Each structure stands twice: as structure tokens, then as C-alpha cells.
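Asks: Protein sequences appear in the order of chains A and B.
For the first sequence, my numbering begins at 22 and goes up steadily by one.
For the second sequence, my numbering begins at 55 and goes up steadily by one.
Don't read these hints as lab results, they were simulated from the structure.
Be a bit skeptical, because a hint or two may be false.
Unchecked claim - FRET-style restraints, in silico, Cβ to Cβ:
#, chain 1, residue 1, chain 2, residue 2, range
1, A, D68, B, V264, 38 to 44 Å
2, B, M55, A, G201, 26 to 32 Å
3, A, T163, B, D199, 24 to 30 Å
This one's a predicted model, so the numbers in the text were calculated from it and none came from an experiment.
Backbone N, C-alpha and C fix where the C-beta goes; we use that ideal spot for every residue, glycine too.
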Amino acid sequence: MDLSDSASQVTATRHGPTEGDSSTPIRLHAADIHKRYGKNHVLKGVDLTVRAGEVVAIIGANGCGKSTLMKICAGLVSPSSGVVEVDESMAYCPQQAGLMGFLTADEHFALFGAGHGMDRSEAQATGRQLAKSLAWDGGMTTQARHLSGGTQQKLNLILAALTDPDILLLDEPYQGFDRGSYIDFWDWVLQRRDAGKSTLVITHMLNSLDRVDAVLDLGTKAAADS
Amino acid sequence: MTKLFTVAEMMGRDLARRRVALALLAFVPLLFYMARHDGNPEKAIRFAGLGLAWAVSTAGLFLSNTTKAVERRLRQTGYRPAHLYLGTLTALLTLGAVLATVYWVLIYLDQDSLARPGAVAIEFGLTIVVAAPLGLLISAVAPHDLEGTLVLISITGLQFLVEPDQKLGKALPFWSTQQVGTFGLDGGDPEYLRKGLLHGALYCTGLILVTAVLASVRLRQRKHMRIRAAVR
């Protein structure tokens, strides 16, 4: 793992299964990322490398650019400068559930699965299996708008993970989760790590940091004119 | 084609479940028709056509705005902008075709002196073919529902107020249907029909092209991204 940022610091690291092995494939490499919103220089030369089998957390105060960095890595927002190299097997889970409220979970699986070239039954079977691993069993034919906030977030997460991507970018994925779901989520992330899959996650929950391989602290809110 | 039809199916399901909104929209042509029903049947049919246009464009505006929440994610899963756009358009055209058929049958049964019922069918068909991409274009340009609705109200209002032979008339999206209406309801020359069809076809093509360009720009792959095949 390799994290550096001129405006932030690595505040905690833990050796993951691939630590120190330079032959381990790089799943994501962001180099010298800058982002300005007018005079507000939010991200200043952020470098970030995530290798296969690593779980990396991004932390920092509100407004420090965590979600912006994540969106830049996902290719949804352009940086002011900098480059991101990422495996094609990448998926992004947004902070706000990007769902269609009038569609059921099964219909979401079919819609997202078709994009990946999965047939409907395969996509729905995979989605239901992932739901079980997050302690969500049943309600697959309920419209998303009638699901609880936590269950909507689980659906949001499952849609990103439907094809078991090599690297998963998660922007505060467990908002609304109860404690059991939160534990299930981390068990699932660690199972992915054991299988050589990478996860980049934004979190505010400090007790989750001991379960990640590295932490990128983006610090405090970027000051205007800084 | 599987991707396109999957999008169309899901958009259709989403639309079909908005029962209250759909019912209200479906009544708009009826209200417009009834407003002129007694005094002027030709005007009543034209107003029904504009009500149909309003209903389909509004459905397109709201459906497309709903899709904005997921379209970037869908793009990442492997959909092209064309799948998302054409799939949504297909769902809208299906809804419009159902509404147009219902109102054509209603008018056919209600009007005793309808000289060219086929022309009314063409007028309504042309209406939905222009209204559906118009709603999607407004959604692509206006950031939120409110702004989009205001734009749509302005266009529809102008369409009511501006006479077809005024200069501004030809620039409006439903000038074509007014021409077809003149042919069908006022016993006009076939030249009206030809002009109407040509205007409708050009307008529809323009709307689709502009929206497709906007969608391609909005959903483009960003320059800073270097996507590479996974290394095992």
C-alpha cells in the first residue's frame, strides 16, 4: 500500500495480506489529484494506491473532499489536475442511494445486471445471495421507496457489488445500518479481502479503522483561498 | 438490444406505478377537449392534441429526472448513453401511443362529422413522436423538475397563443400537428399534411440529436481516467 498526500497524512496503517509485496497488482492508482471549486482548493496533490486484497479507508472532516476524491476515482467528477488509473472491474456505491423508488429490489438487480451482461435470473440470484450476506432476507418484491433507509442502503451496496468487482469504492456505505448489519458488512468486506478483492471506503466510524489496512486522513475542511 | 429493452421495460414499470400522476396526466387532454367541446369541435380536437403533448412531455420530464439519480451508475455497469436514452424514449412512446389511441377512439365515437379520422390519428401520432423527445430534452437542459415544468408551460402556452402562420409559429414544436389538423379537420389541401409530416420529422430528429449529444457529454468518460484490464 502506498498513501501520501501533501495536505493530509496517513494516520493509521495495518499490514494487510499483501503488504510489502510489490508484485501484488495495483487496482487503483490516483496521482497528484488536485480539485478546486473556485477559490476553494479542496484536494491538494493527493496520491493514493490501492493494491489487490487491500482495504483502505478515507477519513476527514465534513467538507474536506472525501466524497469528491471518491467520485474522481470513480470517474464521475473531473479533477482540476491529476490522473487515475483503475481496473476496469471497478464499481462505485454513492453516499445517497442511487435507486429508482418505484422499482423493486429484484427489478434493480435485473436492470443493473443487464448492464453487465448478466441474464435476469443470474442477476436476481446473485443479488438475493448478497442480500442474505447482509442479513436482508425477503422484501425483494417491495418497491425501493417503501424500504427502510438502512435497507435501501443495502440495496445500494449490493448493486455496486453485483459482479464482485476487483475494486469497490464505497462512500459511507452503512448509513442507517443497525449494529448487526454493520458487523455483517465488515465481515463481507474482509471476506472480499481474503479473496484478493480491494475496497476503498469513506467512513466516519472510528471503530471500523482497526479493520482496514490503511487510512488516508484528508484532514480538516479545506479553507477558502488556501 | 437486451440492454435497450431492459431499460425500456424498467422505465415503463416505473411510469406505470405512478398511478395518481398518470391519472392526472391522462385527464389533461380530456379537460382541454371538453373546454371547447360544445362550440367548436375542430378546436376541441386540436386542444386535445395539445393536452396529449403536455401529458407525454411532462411524463418524459419527470421520468428522465428520476433516471438522473441512477444513470451514471448504469453507465458504469456497461450501458451506453444510447441505451438509456432510447430505452426511456421507447417507454414514453408506448405510454403516448396508449393515450393517443384512447383519445382517438373517444373522439371517433363522439364526433359525428369527422371527415378524415385517419388524419386525426396521424395528428395524435405526430404529437407523441414530438412530445416524448421534447420532454427528454427539457429534462436534459433544465436541472430540476420545477424549471423543466416552467419551460414546458411556456412552450405549451405559446403553442396555444401563436397562430400557425406567424413567424414564431414554425419554430414551435407542434406547428406540425397544427398543419396536419388543418388538413384533417378543416378539409385542407394535402400540402398541409406533407408540410406537417416534414416539420414533425425534422423537429423530432433535431430533438433526439441534441438530447443525444447532451447525454453523451454528461455521461462521457472523464479524461483523467485510465481504465485498464485487470491484472491477476
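Asks: Compare the structure with each hint and give your call.
Replies: Cross-check of the supplied hints:
1. A:D68 <-> B:V264: 38 to 44 Å: About 40 Å separates the Cβ atoms of A:D68 and B:V264, which means 38 to 44 Å holds.
2. B:M55 <-> A:G201: 26 to 32 Å: The hint (26 to 32 Å, Cβ to Cβ) is violated, given that B:M55 and A:G201 are roughly 43 Å apart.
3. A:T163 <-> B:D199: 24 to 30 Å: 25 Å Cβ-Cβ, so the 24 to 30 Å window holds.
Hint compliance for this structure: hint 2 is the single one not met.
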